[in-house]
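> Please build the complete structure, drawing on both the sequences and the hints.
The lines below spell out each chain.
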Amino acid sequence: MSLLYALDIIGTFVFAISGIRLAAKKKMDLFGAMVIGFVTAVGGGTTRDVLLGSYPVAWVQDINLPLTIALAMPFTFIFRKYIVNLKRTFFVFDTIGIALFTISGMQKALSTGIHPALAIVMGMVSAVMGGVIRDILCNEIPLIFRKEIYATACLAGGLVFFLLDYYTGLSESIIYLITTIVIIVIRVVSIKYDLSMPKMKDAPMDDSD
Amino acid sequence: MSLLYALDIIGTFVFAISGIRLAAKKKMDLFGAMVIGFVTAVGGGTTRDVLLGSYPVAWVQDINLPLTIALAMPFTFIFRKYIVNLKRTFFVFDTIGIALFTISGMQKALSTGIHPALAIVMGMVSAVMGGVIRDILCNEIPLIFRKEIYATACLAGGLVFFLLDYYTGLSESIIYLITTIVIIVIRVVSIKYDLSMPKMKDAPMDDSD
Amino acid sequence: MSLLYALDIIGTFVFAISGIRLAAKKKMDLFGAMVIGFVTAVGGGTTRDVLLGSYPVAWVQDINLPLTIALAMPFTFIFRKYIVNLKRTFFVFDTIGIALFTISGMQKALSTGIHPALAIVMGMVSAVMGGVIRDILCNEIPLIFRKEIYATACLAGGLVFFLLDYYTGLSESIIYLITTIVIIVIRVVSIKYDLSMPKMKDAPMDDSD
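Protein chains in written order, with the UniProt record's numbering: chain A, 1 to 209; chain B, 1 to 209; chain C, 1 to 209.
These aren't lab readings, by the way, just hints derived from the structure by calculation. Hints should not be assumed to be uniformly reliable.
A pair counts as met if it fits within one copy or between any two copies, since identical chains are not told apart.
Straight-line alpha carbon distances no greater than 20 Å define the calculated EDC-like cross-link-like pairs of lysine to aspartate or glutamate that follow [what the hints assert, rightly or not]: (1) Lys27 <-> Asp194; (2) Lys81 <-> Glu172; (3) Lys26 <-> Glu140; (4) Lys81 <-> Asp94; (5) Lys25 <-> Glu140; (6) Lys26 <-> Asp165; (7) Lys27 <-> Asp165; (8) Lys81 <-> Asp165; (9) Lys27 <-> Glu140; (10) Lys108 <-> Glu140; (11) Lys192 <-> Asp94; (12) Lys81 <-> Asp194; (13) Lys108 <-> Asp165.
Okay, structure coming up:
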């Protein structure tokens, strides 16, 4: 099993847990929690694959992804008392997860011969779209449009990945590592110093149309 | 016309009506009601086909499905006074509808060589996704995440269908019948005794993240 | 560059601006505004392409579309004071935009050998789905289900386009022009006289199911 695949599984597991936790907050039943966990974990990769027309989509092809998500359900239930205390741990995994999903999403997109700028967009889509669908199903304005330099970290990481891959002779694993570190550092720094993208509220928009 | 196809048309008709009725409750205009009826009826099969990469999607291929939905609009309008009283009748049709959509969805999925467990998921997606999209467009948390053993009945029916299909020599029509009865019984019993999936509200989740 | 392509670019630009403006009203950050602008501009065409299984989808194939959207962001920011006053101008562009998207969507659909009635639906999907996704992401009931003969104008235009294309020997550019005028006139007249599709609120629906 390659390192990339192992990280993909971990990312899937952590994303599933984040979906299950939001469903629990929304007082959904076990089935709803399962579904929300599922779409949070696979929504990004599925959106990417459908946009690229890359069939079969990842989780249809690889039963290990659905199995990983199925395991996240009892895991979340059994360890629910500890998961709260593990918030920092989960933050780390979640950040590794988006880094990994950005990288694997970009690689899949580049392999279809897409324009590199769009491959970066596809990497970001892979990383954040699961959370967007999760929030829509829970009837909330998606978090990433409101808070945190989250998707921006993915875009920056994608750019770094592309530049290193295109202009240097570094090995893949080194490029993965650097990209992951860039994404983690941007996200950690943005949270520590409460940075966020500027809002557009100053624009004197007319509300009447 | 095969029995399966006839049931598919009936399921489409009943699902369209359920969408039109919700749109009317939300005070949408006739166009909105038409669209909501449409996506409720075809949303499940379309999602399945897009996820499977099975093109053309069902309603693009078969003009009878859009025509059936177009007929549901004047039907709902003309018979609106009686539809309320027909609630039990519609409950029966709707339940037959999800049973049928589960079966036809599973069959289409299995024909692509997908893992049987995922075919069951695809059957459930075919049956419930139309209602999920309907609720999202109407800005509600999808009903199936909140109430009733609805999707669970589809999953159970899908499992029964697979086991009978794989391990017995029963004819297709018998397997259809048993699967449909299993789904109907689970749903009727769960409503009669007000059963629902347990909620996850007891988990001491931290709301601050 | 053909006239059709030029109008397609203009439509994309105007739709992106309408998405960015709604995001600004919702006090989203710059990234959120960018994404909402993007999906508003490409959502219709992408939905059409995914439903048709027509890969690669338009904006993945043609980098000019994402570039046009990227330009809409600074444009909206710099000219935000004037955009309000330009409301009529934008109304004109937006209406031209939906007319053009209806036509190009229908053409693409017809080229796949789809039933003409479904091609009209696909033209309408191309024109209105971007706005629908924009409203869902912003957690609102899609505007087109509530107000204005907007989608209906697209359907009427699509019908005119088909009839002229099928039953007359007129040149393509004349057919485009007539279709565009039909859509614009329907929309302008419906707004001037405050016309809208009738609602279904009179139906004595039972709210308890």
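> Now tell me if each hint is right for this structure.
Hints, verified against the model:
Proximity of Lys27 and Asp194 under a CA criterion of 20 Å is satisfied inter-copy only: 17 Å between copies versus 30 Å inside one chain copy. Taking the shortest alpha-carbon separations for Lys81 and Glu172, neither the intra-copy value of 39 Å nor the inter-copy value of 48 Å comes in at or below 20 Å. Taking CA atoms no more than 20 Å apart as the test, Lys26 paired with Glu140 passes in both settings, with 11 Å inside one copy and 13 Å between copies. Taking the closest pair of Cα atoms, Lys81 and Asp94 come within 20 Å of each other only inside a single copy of the chain (19 Å); across copies the shortest separation is 40 Å, beyond that limit.
Proximity of Lys25 and Glu140 under a CA criterion of 20 Å is satisfied in both settings, with 13 Å inside one chain copy and 16 Å between copies. When the C-alpha separation of Lys26 and Asp165 is checked against a cutoff of 20 Å, the pair qualifies neither within a copy, at 42 Å, nor between copies, at 38 Å. In this assembly of identical chains, the alpha carbons of Lys27 and Asp165 never lie at most 20 Å apart, being 45 Å within a copy and 37 Å across copies at closest. In this assembly of identical chains, Lys81 and Asp165 lie within 20 Å of each other by CA distance neither inside one copy nor across copies; the values are 42 Å within and 42 Å between.
Taking the shortest Cα distances, Lys27 and Glu140 sit within 20 Å of each other both inside one copy (14 Å) and across copies (14 Å). In this homomeric assembly, Lys108 and Glu140 never come within 20 Å of each other (Cα to Cα): the closest approach is 30 Å inside a single copy and 33 Å across copies. When the C-alpha separation of Lys192 and Asp94 is checked against a cutoff of 20 Å, the pair qualifies only within one copy, where the shortest distance is 16 Å, while the shortest distance between copies is 42 Å. Within a single copy, Lys81 and Asp194 get their C-alpha atoms no closer than 28 Å, and across copies no closer than 30 Å, so neither meets the 20 Å cut-off.
Proximity of Lys108 and Asp165 under a CA criterion of 20 Å is satisfied intra-copy only: 14 Å inside one chain copy versus 36 Å between copies.
The earlier numbered hints that this structure contradicts are 2, 6, 7, 8, 10, 12.
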